[in-house]
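**Student:** What follows is the residue order along each chain.
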Amino acid sequence: MGTEVNSILPLLAVMVSAAVVPILASSRSANVREAWTFVAAFGKVGIVLAMLPHVLRGDKLSFEIAPVFPGVSLAFRVDAMGELFALVSSFLWIVTSAYSIGYMRGLKEHGQTRYYSYFALAMSSTMGVAFSANLLTLYVFYELLSFATYPLVTHHQDEEGRSAGRRYLTYIVGGSIGLVLPAMLVCYGSSQTLDFTPGGILANSGLSRFELGLLLFMFVFGFAKAAIMPFHSWLPAAMVAPTPVSALLHAVAVVKVGVFSILRVLVGIMGFELLLGQALGGILILVASVTIVGASLVALCQDGLKKMLAYSTVGQLSYIVLGASLLSENGLSGGLIHIATHAFGKITLFFCAGAIYVATGKQNISELNGIGRRMPLTMASFLIASMSIIGVPPTAGFLSKWLLITASVDSGRLEGLFVLLLSSLLSAGYLIPVVYRAFFLPQPEGEPTSVVAEWRSPCSIAAMVTSFGCLLMFLSPGLLLGLARKAAELYLGV
Amino acid sequence: MTSHLPALVVTVPLLTAFAAFAAGWLRPKLCFPVGLTGLGITAISSIWLLAEVLEAGTVTYELGRWPAPWGIVYVVDRLNGVVLAAISLCAFIQWISSRASVKSQFSDRIGAFYGLELLFVTGVMGITVTGDAFNLYVLLEIASITAYALIAMGGGRAPLSSLNYVFMGTIGACFYLLGVGYLYIMTGSLNMADLASILQGMRSSQAILVAFVIIIVGVWLKMGFFPLHGWLPNAYTHAPWPATTLIAPLMTKVMAYVMMRLVLFLFGPEYSFGVLGLKDVVVWWASLAVVAGSVIALSQKDLKRMITCIILIEIAYMVGGTFLGNRSGTTGAIFHLVNDVFMTLCVFLAVSSLAFRQRELDMDTMEGLFSEMPFTMGALVTGALSIVGVPPTCGFFSKWLLLKGALEAGHYEFMVALILSSLVCLVLFFRVFEAAYFGHGERSHGHHRMREAPLGMVVPLLVVAIGIVALGLMSGEVISSIIEPALPRGVL
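Just so you know, the protein sequences line up as chains D and X, in that order.
Counting in numbering that gives the first Met the number 0, the first sequence tops out at residue 493, every number present.
Counting in numbering that gives the first Met the number 0, the second sequence tops out at residue 491, every number present.
If you're looking for bench data, these hints aren't it; they were derived computationally from the structure.
Don't take each hint at face value.
[Said to hold, decoys possible] Facing chain X, a subset of chain D residues (Cβ under 10 Å, in silico):
hint, residue
1, P69
2, Y138
3, E158
4, M183
5, V185
6, P375
7, A379
Only a predicted model underlies this, so the values are computations on that prediction, with no experimental measurement involved.
We put the CB at the ideal spot given by N, CA and C, even for glycine.
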């Protein structure tokens with residue numbers, strides 16, 4: 000196994016976006032703001048990449064900020080799991096920034112200074128979650144992210160935004176203070192540490208099966224960012240936000256932070272062995288399955304494109320939880336890879352939805368007839384991303400779905416297999432009609448037929464870049480698989 | 000010189016108070032710098048004193064060189080050392096920040112107002128530093144009477160609220176005095192250390208039990224512990240802003256300190272938690288008080304009144320934490336006391352800056368405040384998050400310890416109350432932030448852009464806000480080197 004190395008890199012990776020916030024907040028010029036956003040975004044990817052060789056070697060970079068309780072300090076530790084998540088979200092931040100510029104300028108949105116500042120802050124929090132060495136640090140950044148994204152979700156500052164913001168905070172902060180905080184206390188009380196440890200920290204805690212189950216539920220539902228039913232309704236409500244914010248919520252940060260936190264707790268706090276021993280995986284599979292199927296069914300009935308995508312996310316997130324609750328190596332790596340593949344797929348879909356909105360002002364699926372002829376490249380990206388979400392080769396989604404399916408079969412969880420296949424069908428059911436309408440149905444009378452200049456729209460270009468990412472990850476999955484295996488190796492010792 | 004530090008922290012503000020009165024007649028302009036110097040010296044002395052205590056252990060100072068059980072002694076250990084440092088810093092920061100509003104509200108009575116403020120500081124510093132039960136009563140009266148006067152200097156209903164406070168406060172002080180009388184009759188001593196050692200042999204005495212109960216009830220009344228809080232919301236709400244920002248963070252907290260001193264040291268943990276058998280009842284009662292405070296705070300419309308009611312919740316935390324009787328709970332209560340001084344100061348100063356720019360503080364006039372007064376609102380958000388208990392602000396860490404203590408003691412009702420009240424505080428503050436962020440319906444035509452508060456208010460406010468986060472990050476150090484060693488040996 001690798002060694003633990005003290006390094007300031009994790010701190011830098013977290014702080015680089017927070018450091019530009021004063022510049023962003025004080026600058027009057029849009030160009031300066033956007034330039035600094037890019038500086039921070041590229042800086043962040045650079046630092047995350049600089050840590051990659053260490054992680055692949057198996058070394059852990061760690062940095063302690065401050066000791067707070069005996070046995071617990073605010074500290075970072077970079078391992079394969081965090082690195083994978085950080086790579087995905089920091090790379091997607093660059094693309095999202097480019098997209099934001101096109102979107103926000105195209106619609107002449109107000110309050111752009113605030114927008115870019117909080118976006119940068121949200122990225123810092125996300126990195127913090129990815130690199131947290133223990134549950135307390137994770138909690139700190141998790142909370143920070145909740146508050147940093149509130150002004151983004153409510154960006155329009157209208158009645159709708161107000162109620163969406165309320166719901167957002169109620170679920171997310173309510174969950175974290177009401178459920179995660181006491182659960183964390185119990186963990187600390189019974190083991191005097193909160194470090195993410197291979198094999199978990201609760202093995203010798205002497206908690207009964209009922210108590211462990213209760214803890215598990217407090218974590219899984221308390222991290223409400225993971226949008227497990229019935230704690231999901233903030234996510235569709237938050238669709239009132241500008242599209243790049245939705246992209247942030249769905250792909251780069253928020254929901255991914257939620258599932259990432261759950262994974263961390265499952266492998267580093269509860270420990271797979273303990274969960275296996277107490278037979279607690281099955282009930283988690285049930286919870287995830289209900290969410291997967293339920294959300295997919297709801298998505299089928301949506302007409303609003305963004306709403307439909309939101310429900311699709313709710314379902315897809317539970318894939319990750321499902322993967323982890325199989326309590327096997329393949330399941331965990333499948334779940335981890337799904338964080339990446341779903342991020343790329345879903346962000347493309349949102350980018351397309353936003354590009355369509357900027358170019359034509361259309362938001363509903365029923366209005367999209369013939370749009371493929373006006374925006375062929377955008378809709379082609381939409382098709383690729385849809386395939387990835389459904390899980391069809393040659394797209395990245397196939398990769399994670401394959402691993403998840405293998406894991407279900409290996410661990411004899413045929414209900415998992417069934418749910419995954421059913422969900423593929425359902426997601427085809429809500430995504431393919433959009434593509435069909437766009438390319439095969441005629442445009443309604445009296446609408447402009449001119450082709451949109453997609454090559455000059457940052458929104459469409461961003462969508463193309465990320466859809467290309469969906470293909471690329473399928474063609475050369477080496478890095479992803481390597482990191483996911485490394486993480487599984489580290490935590491499961493296989 | 001350093002051996003006189005315990006006396007300095009009381010005499011300096013006292014002498015400065017007279018200087019400020021005099022300056023009020025001769026050169027009113029000098030009042031501010033005189034007080035600033037005095038409070039600066041007090042704050043530096045307190046911090047120095049704390050450093051000394053950390054290094055060399057408890058410092059005892061005999062007033063007039065009269066030896067211990069006969070004369071009055073000032074005793075500084077870790078517990079009151081840290082409280083002294085916190086309240087003197089708080090008074091110093093508040094002094095700088097309130098300059099502009101004192102000038103605009105009390106231009107004709109500047110000397111009187113400043114003099115009273117300094118006397119109030121003398122009182123609370125004295126209460127904290129003294130090691131004599133009767134002397135504590137005297138200083139308590141000094142602090143209370145100046146507080147009554149300061150509150151009554153506000154216009155409108157302030158004199159009436161102050162009168163109400165006078166009645167209730169006097170009852171509280173009388174209870175305390177009566178209890179001390181009982182103790183004196185039984186033991187013949189007023190020195191706290193002396194009392195503590197004599198009381199060890201009198202655990203079964205009924206008179207001591209009565210003394211304990213009436214003293215605690217008196218202190219609770221002064222703290223505003225539910226249901227003895229009736230005087231508090233009116234008094235603090237109707238008081239003029241510069242008085243509120245001084246009294247609200249200090250008075251109730253100092254009384255909470257007195258409670259801890261009496262419960263943990265004078266009567267001792269074995270008596271208070273063991274022999275009496277009242278500990279569980281008090282924790283239950285504190286849980287009830289937390290919930291009641293949350294409900295009361297939720298039902299307030301006025302911003303100043305709302306943040307005043309939050310004090311009720313915080314006080315109940317401290318009572319509950321102290322009476323949990325275990326290490327985590329008591330540590331949490333002490334740490335929360337220190338944190339709460341700064342959290343309350345932060346929130347009150349921020350709201351007073353808003354009030355300084357805008358006379359009427361209701362939800363309708365708050366629209367756009369985030370862009371108009373970004374620093375003030377930023378500090379308010381920090382203070383609010385600390386009260387809610389969001390890391391890395393200091394409020395989280397003390398709440399964590401309180402929760403841990405409740406868990407270990409098996410007082411789940413206290414845990415539930417703590418978490419519930421955190422969520423209630425979140426709702427309370429988010430109502431404000433929402434109103435500021437979204438506006439209440441249509442923006443009124445009469446609305447004029449507000450400017451950020453003057454530099455003299457913003458800078459101290461930001462210092463406090465940053466301090467809250469810094470204290471949170473340093474909490475590990477603070478707890479392990481100051482607060483945990485401050486506990487008496489009997490707390491397990």
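**Student:** Each of the hints needs a verdict: does it hold here or not?
**Tutor:** Comparing the hints with the structure gives:
1. P69: Since the shortest Cβ distance to chain X is 7 Å, the answer is holds.
2. Y138: 7 Å, holds
3. E158: 8 Å, holds
4. M183: 9 Å, holds
5. V185: At about 7 Å, which falls below the 10 Å cut-off, the nearest Cβ of chain X leaves the hint on V185 of chain D intact, so it holds.
6. P375: 40 Å, violated
7. A379: Violated, because the Cβ-Cβ distance from A379 of chain D to chain X comes to roughly 40 Å (cut-off 10 Å).
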